[in-house]
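First to last, the sequence lines map onto chains A and B.
Heads up: the first sequence begins at 1 in the working numbering, then just goes up one per residue.
Heads up: the second sequence begins at 1 in the working numbering, then just goes up one per residue.
Think of the hints as simulated: they come from the structure by calculation, not from any bench.
Any given hint could turn out to be false.
Some chain A residues flagged as far from chain B (calculated, every beta-carbon gap over 12 Å) [said to hold, decoys possible]:
| id | residue |
| --- | --- |
| 1 | A41 |
| 2 | I76 |
| 3 | N101 |
| 4 | D103 |
| 5 | P145 |
| 6 | Q163 |
| 7 | Q170 |
| 8 | E204 |
| 9 | E210 |
| 10 | D286 |
| 11 | S307 |
Cross-link-like lysine-lysine pairs, in silico, PhoX-like; alpha carbons within 25 Å at most [to be verified]:
| id | chain 1 | residue 1 | chain 2 | residue 2 |
| --- | --- | --- | --- | --- |
| 12 | B | K48 | B | K31 |
| 13 | A | K173 | A | K184 |
| 14 | A | K202 | B | K298 |
| 15 | A | K173 | B | K173 |
| 16 | A | K202 | A | K173 |
| 17 | B | K31 | B | K59 |
| 18 | A | K31 | A | K43 |
| 19 | B | K30 | B | K43 |
| 20 | B | K173 | A | K184 |
| 21 | A | K48 | A | K31 |
| 22 | A | K173 | B | K30 |
| 23 | B | K48 | A | K298 |
Short derived list, chain B residues pointing at chain A, Cβ under 7 Å [stated by the list, open to error]:
| id | residue |
| --- | --- |
| 24 | Y80 |
| 25 | E86 |
| 26 | A87 |
| 27 | P196 |
| 28 | G205 |
| 29 | S225 |
| 30 | N304 |
Note that beta-carbon positions come from the ideal geometry of N, C-alpha and C, so glycine has one too.
2 protein chains.
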Amino acid sequence: MFDTVAIVGATGAVGQIIIELLEERNFEAKKFRFLASARSAGKTISFKGEEIVVEELTKDAFAGTDLVIASTPDDIAAEYLPSAIEAGAKVIDESGYWRMNDDVALVIPEINPQDALNAQGIISSPNCSTTQMVVAMKPLHDISPIRRVIVSTYQATSGAGVQGDEDLVQGSKARLENRDYEYKVFQHPIAFNAIPQIGSEKYEGYTSEEMKMVYETRKILGDDSIQINPTCVRIPVWNCHSESITVETESPISPDQAREAFAAFPGIQVLDNLSESVYPMPSNCDGSNDVFVGRIRKDISHPNGLSFWCVSDNLRKGAATNAVQIAELLAEQ
Amino acid sequence: MFDTVAIVGATGAVGQIIIELLEERNFEAKKFRFLASARSAGKTISFKGEEIVVEELTKDAFAGTDLVIASTPDDIAAEYLPSAIEAGAKVIDESGYWRMNDDVALVIPEINPQDALNAQGIISSPNCSTTQMVVAMKPLHDISPIRRVIVSTYQATSGAGVQGDEDLVQGSKARLENRDYEYKVFQHPIAFNAIPQIGSEKYEGYTSEEMKMVYETRKILGDDSIQINPTCVRIPVWNCHSESITVETESPISPDQAREAFAAFPGIQVLDNLSESVYPMPSNCDGSNDVFVGRIRKDISHPNGLSFWCVSDNLRKGAATNAVQIAELLAEQ
Numbered sequence: 001m002f003d004t005v006a007i008v009g010a011t012g013a014v015g016q017i018i019i020e021l022l023e024e025r026n027f028e029a030k031k032f033r034f035l036a037s038a039r040s041a042g043k044t045i046s047f048k049g050e051e052i053v054v055e056e057l058t059k060d061a062f063a064g065t066d067l068v069i070a071s072t073p074d075d076i077a078a079e080y081l082p083s084a085i086e087a088g089a090k091v092i093d094e095s096g097y098w099r100m101n102d103d104v105a106l107v108i109p110e111i112n113p114q115d116a117l118n119a120q121g122i123i124s125s126p127n128c129s130t131t132q133m134v135v136a137m138k139p140l141h142d143i144s145p146i147r148r149v150i151v152s153t154y155q156a157t158s159g160a161g162v163q164g165d166e167d168l169v170q171g172s173k174a175r176l177e178n179r180d181y182e183y184k185v186f187q188h189p190i191a192f193n194a195i196p197q198i199g200s201e202k203y204e205g206y207t208s209e210e211m212k213m214v215y216e217t218r219k220i221l222g223d224d225s226i227q228i229n230p231t232c233v234r235i236p237v238w239n240c241h242s243e244s245i246t247v248e249t250e251s252p253i254s255p256d257q258a259r260e261a262f263a264a265f266p267g268i269q270v271l272d273n274l275s276e277s278v279y280p281m282p283s284n285c286d287g288s289n290d291v292f293v294g295r296i297r298k299d300i301s302h303p304n305g306l307s308f309w310c311v312s313d314n315l316r317k318g319a320a321t322n323a324v325q326i327a328e329l330l331a332e333q
Numbered sequence: 001m002f003d004t005v006a007i008v009g010a011t012g013a014v015g016q017i018i019i020e021l022l023e024e025r026n027f028e029a030k031k032f033r034f035l036a037s038a039r040s041a042g043k044t045i046s047f048k049g050e051e052i053v054v055e056e057l058t059k060d061a062f063a064g065t066d067l068v069i070a071s072t073p074d075d076i077a078a079e080y081l082p083s084a085i086e087a088g089a090k091v092i093d094e095s096g097y098w099r100m101n102d103d104v105a106l107v108i109p110e111i112n113p114q115d116a117l118n119a120q121g122i123i124s125s126p127n128c129s130t131t132q133m134v135v136a137m138k139p140l141h142d143i144s145p146i147r148r149v150i151v152s153t154y155q156a157t158s159g160a161g162v163q164g165d166e167d168l169v170q171g172s173k174a175r176l177e178n179r180d181y182e183y184k185v186f187q188h189p190i191a192f193n194a195i196p197q198i199g200s201e202k203y204e205g206y207t208s209e210e211m212k213m214v215y216e217t218r219k220i221l222g223d224d225s226i227q228i229n230p231t232c233v234r235i236p237v238w239n240c241h242s243e244s245i246t247v248e249t250e251s252p253i254s255p256d257q258a259r260e261a262f263a264a265f266p267g268i269q270v271l272d273n274l275s276e277s278v279y280p281m282p283s284n285c286d287g288s289n290d291v292f293v294g295r296i297r298k299d300i301s302h303p304n305g306l307s308f309w310c311v312s313d314n315l316r317k318g319a320a321t322n323a324v325q326i327a328e329l330l331a332e333q
């Protein structure tokens with residue numbers, strides 16, 4: 001058990017869910033501290049029957065804290081989290097900043113818990129689009145190593161933060177009423193549209209979001225030989241990312257084998273009955289901590305291919321839930 | 001030039017665009033007739049400065065007509081179009097009913113015009129999701145034969161007809177106002193959701209829409225050895241289908257070669273500058289008769305792979321435009 005736990009970015013979309021999960025899952029500590037930018041400092045947050053005052057995040061704020069769970073933009077994580085490590089805290093970070101650093105563990109507890117337990121420095125939680133895919137890949141990879149992945153995503157606006165959701169609400173209303181709306185977060189209208197770019201150009205025509213799916217997957221599975229080709233697309237959905245995934249394995253895996261392995265894996269739920277129109281969608285996965293798979297079928301274009309559809313709440317297993325699960329793992333140690 | 005041209009399904013979403021295109025492109029005939037169900041008979045449609053009265057579609061309606069362009073549900077096409085052939089008319093059909101029949105030509109004018117010119121019976125226009133993909137495949141296939149395609153679609157509600165659009169409008173309004181709405185066409189809410197099923201279960205876990213992309217592509221390109229793995233998904237967009245496409249060719253095709261070949265192909269427009277956020281989207285392709293490609297890049301998971309993003313107006317090149325182009329081809333003969 002930890003003595004003092006600090007949530008950094010406590011007032012953000014993911015921070016709020018982290019706090020909700022800590023209460024709901026009865027995560028124990030002597031003291032909980034909520035940190036945020038100066039703008040939010042002084043607000044109060046209800047937690048386990050108490051009103052806790054939000055403190056300003058500073059480099060000196062971590063004295064006496066032994067666990068930090070941080071969900072902030074990259075630049076904040078870069079600036080402040082080394083101070084938390086120096087102050088002797090275990091640090092779980094949701095941001096993208098530290099993930100690919102050699103000294104940083106990148107952890108999904110169902111997959112590589114040992115990397116969290118052995119970590120000397122920051123423990124990063126992967127990008128939302130990566131996490132759900134890698135959770136779904138793992139039980140297949142254990143049957144026969146995955147050699148190649150082709151994935152197209154259908155990503156929700158909540159991945160772009162609270163303002164992303166607001167853009168979708170206001171943009172949709174405006175479009176339905178034939179009014180103009182100036183988008184704050186998205187470069188193009190997201191209402192009733194599909195935008196095939198998330199992040200900036202990163203490598204050979206791929207975006208930063210796409211390359212996260214490549215690099216992070218290899219690091220988590222500890223296998224740099226897996227070939228991955230992602231296309232990341234934003235669609236007008238508030239929450240839950242969907243992914244159309246095709247994998248090629250060393251030996252063929254049948255849909256029945258895959259279905260059984262998915263169902264047996266912790267944190268995966270199978271919703272798969274096409275003739276009854278049963279499959280995961282944002283509308284039936286929102287608010288769950290699990291990763292959902294359906295449309296499980298043989299890839300009819302390749303003897304060793306398997307295709308499926310994967311949906312997960314990007315703010316939960318894609319962010320808050322994974323971080324809290326890492327915290328639980330460390331607390332049991 | 002044809003003497004008498006009949007548009008069957010003249011009052012439908014695609015029928016209306018066919019009529020608009022015939023006027024806009026100055027398609028010539030001595031007489032134009034508009035046919036529809038008894039429900040629509042008697043209405044008038046403005047065409048080239050005249051008001052033309054819609055006639056009821058019957059099996060005897062085709063006497064004296066030498067070209068029929070039909071856009072109807074499958075059962076109507078099955079019942080009535082053989083009478084048009086018997087009456088001696090050339091018949092261009094938008095429905096799915098006749099496409100895979102051995103005696104029926106399946107035609108995209110930029111690709112296999114000769115099949116239309118040689119046709120003895122019905123000439124079918126392919127399914128919307130197939131047409132834009134095959135147009136984009138063709139210039140690559142001409143450089144080096146395509147051996148495999150993996151495609152995930154992002155399909156608009158207009159593909160489900162006028163009521164599909166209405167479901168999206170009413171469902172979106174209801175959701176924004178926190179009201180319930182009972183969907184008429186979609187089995188699940190389409191507003192702010194993604195539904196990984198179009199059509200019914202057809203073959204080994206694939207839907208009818210997905211298998212159309214497999215069978216029709218092979219027939220149009222005249223190559224049954226092409227392996228195709230489609231995932232068809234409905235998203236909350238009114239019009240224009242988007243497709244994330246990865247192809248494997250016999251020899252590698254570089255992104256520059258592909259870009260040049262796409263740009264030189266009739267009916268394809270290249271919008272491809274990721275660093276400036278330029279790529280095709282429903283919002284910038286709606287209302288155009290062309291097929292748009294962007295995000296052209298090397299498939300980093302395969303030495304002979306190429307990936308790109310393809311958007312087209314499904315009611316136009318995916319339906320009305322292709323049919324009118326076939327008609328123009330026949331008229332020139």
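Hint check results:
Even its closest Cβ contact with chain B, about 33 Å, leaves A41 of chain A beyond 12 Å, as expected for a residue assigned away from the interface. No beta-carbon of chain B comes within 12 Å of the beta-carbon of I76 of chain A; the shortest separation is about 25 Å. The claim that N101 of chain A lies off the interface holds: its Cβ sits roughly 22 Å from the closest Cβ of chain B, which is beyond the 12 Å cut-off. Listed as outside the interface, D103 of chain A is consistent with that label: its C-beta sits roughly 27 Å from the nearest C-beta of chain B, beyond the 12 Å cut-off.
The beta carbon of P145 of chain A is kept farther than 12 Å from every beta carbon of chain B, the shortest such distance being approximately 15 Å. No beta-carbon of chain B is positioned within 12 Å of the beta-carbon of Q163 of chain A; the least distance is around 17 Å. Its beta-carbon lying about 10 Å from the closest one in chain B, Q170 of chain A breaks the requirement of being farther than 12 Å from that chain. With a minimum CB-CB distance of about 6 Å to chain B, E204 of chain A fails to clear the 12 Å threshold, and the non-interface call is violated.
Taking the minimum C-beta to C-beta distance to chain B, about 9 Å, the non-interface status of E210 of chain A is violated against the 12 Å cut. Not every beta carbon of chain B lies more than 12 Å from that of D286 of chain A, the smallest distance being close to 10 Å; the non-interface claim is violated. Against chain B, the non-interface label of S307 of chain A is violated: not every CB pair exceeds 12 Å, the least being about 6 Å. With a C-alpha separation of about 11 Å, the suggested pairing of K48 of chain B with K31 of chain B holds against the 25 Å cut-off.
Of the pairs offered as hints, the one joining K173 of chain A and K184 of chain A holds, with about 15 Å between alpha carbons and a cut-off of 25 Å not exceeded. Annotation: proposed proximity of K202 of chain A to K298 of chain B holds, straight-line Cα distance about 14 Å (limit 25 Å). Using a Cα cut-off of 25 Å, the hinted pair K173 of chain A and K173 of chain B holds, with the two alpha carbons roughly 8 Å apart. As the CA atoms of K202 of chain A and K173 of chain A are separated by approximately 33 Å, the hinted pair breaks the 25 Å bound.
Between K31 of chain B and K59 of chain B the alpha-carbon distance is near 19 Å, which keeps this suggested pair within the 25 Å criterion. For the hint pairing K31 of chain A with K43 of chain A, the CA-to-CA distance comes to about 18 Å; that is within 25 Å, so the pair holds. In summary, the hint linking K30 of chain B to K43 of chain B is supported, as the alpha carbons are separated by about 21 Å, within the 25 Å threshold. Between K173 of chain B and K184 of chain A, the direct Cα distance comes to roughly 22 Å. Compliance with the 25 Å bound is thereby established for this hinted pair.
The suggested pairing of K48 of chain A with K31 of chain A holds, with an alpha-carbon distance near 11 Å, which does not exceed 25 Å. With a C-alpha separation of about 47 Å, the suggested pairing of K173 of chain A with K30 of chain B is violated against the 25 Å cut-off. Under the criterion of a C-alpha separation no larger than 25 Å, the hint pairing K48 of chain B with K298 of chain A is inconsistent with the structure, at around 52 Å. The interface hint given for Y80 of chain B is violated, since its Cβ lies 31 Å from the closest Cβ of chain A, which is over the 7 Å cut-off.
Interface restraint check for E86 of chain B: the shortest CB-CB distance to chain A comes to about 38 Å, outside 7 Å, so the restraint is violated. The restraint placing A87 of chain B at the interface with chain A is violated, with a minimum CB-CB distance near 40 Å, outside the 7 Å limit. Annotation: interface hint on P196 of chain B holds; nearest CB of chain A at approximately 5 Å, less than 7 Å. For G205 of chain B, the interface hint holds, since its Cβ comes within 7 Å of a Cβ in chain A; the closest pair sits about 3 Å apart.
Proximity of S225 of chain B to chain A is violated relative to the hint, the smallest CB-CB distance being about 11 Å (cut-off 7 Å). The restraint placing N304 of chain B at the interface with chain A is violated, with a minimum CB-CB distance near 12 Å, outside the 7 Å limit.
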